[in-house]
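Asks: Residue-level listing of the chains:
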Amino acid sequence: MAEEERTQVEILEENNLIDMTKYITYVSAPQAGGIATFAGTTRDTFEGKSVVELRYEAYVPMAIRCIKSMCSSARSSWNLHSIAVAHRLGSVPVGETSIFIAVSSVHRADALDACKFLIDELKATVPIWKKEVYANGEVWKENSEFAERRLELGKDRICSGRKVEVKAGDRKTCCGSKVKVDG
Amino acid sequence: MDVTNIEIKTKNAECKPAENKGSSVQIKVLFFSRARDLTGLTELPLELSSGSTTQDCLNKLVARFPSLEEILGSMVLALNEEYTNESVIVQDKDELALIPPISGG
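Taken in order, these protein sequences are the chains called A and B.
The letter at position 109 of the first sequence is residue 109 when you use the numbering used here, and the numbering goes up by one with no holes.
In the numbering used here, each residue's number is its place in the second sequence (first place is 1) plus 1000.
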């Protein structure tokens, strides 16, 4: 299908920087009036502790499968043109980008809403892990989004393959959207 | 030809009398992040009796690596790259992954 060709998923091996321009160029199209992007970067502190870097690892084949699946879910809820998702593995020092998402659509609302959905869904379902490294220790982080979704994941034998419908008109910012999930 | 007869004889010798379809399955278990820390392994072959569930696999793993108890309540299982639950029966050559709490993005 044509839409499959306009979804790019990349898991970048260690020491490969994310080229945001490349992904923005990928999703750009004459008919797409809006491009929404999200870049996740390594913060310098967590609960008062100085962060040296984040170190990422992934169950790569399943992560790719999950990301493709969540892109399909996004397409069934919003009218999208192209999607690009890239995630780095290995060390990501403070200030650098670990994850980048770009979405294009004819009208901006679809791209903006889908972009938010994709990062939220990635944090809840995609098998990628990060270790937060401090000067005097390191700890595996845990996404609260995963904890909330955990019991559902195992039940339906899926990898984020369920279609998610967003009620029209629920355009609140930040954690306010109602999400109806097909049973 | 004689070759055919020999093959048949060999096959019969291998057939176990009681159970059908072989009595054990061999799977591969993958350990990530905290699970890898606790076991010291990235992967492990595991042999189980035919008809075993993912729960049976977990039980066997915890018996061998008691420290895995730490993440039992917070992790999820994946079978052949899809999230699964404890009651699924594993097949020969399946890949079972222990998925501790994720933190992508």
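Hint data in this document are derived by calculation from the structure and do not stem from the laboratory.
Careful, some of the hints might be misleading.
[Claimed, not checked] If you only want the chain A side, here are some residues facing chain B, beta carbon under 10 angstroms, derived: (1) GLY40; (2) ASP44; (3) VAL106; (4) TRP140.
Note that this is a predicted model, so its numbers are computed, not measured.
All C-beta atoms, glycine included, are put in the ideal place defined by N, C-alpha and C.
Asks: Could you run down the list of hints and mark each one as holding or not?
Replies: Against the structure, the hints come out as follows:
Interface restraint check for GLY40 (chain A): the shortest CB-CB distance to chain B comes to about 5 angstroms, inside 10 angstroms, so the restraint holds. With its C-beta approaching chain B no nearer than about 17 angstroms, ASP44 (chain A) sits outside the 10 angstroms limit, and its interface hint is violated. Taking 10 angstroms as the C-beta cut-off, the interface hint given for VAL106 (chain A) is violated, the closest approach to chain B being about 27 angstroms. Hint on TRP140 (chain A) holds. Least Cβ distance to chain B is approximately 5 angstroms, under the 10 angstroms limit.
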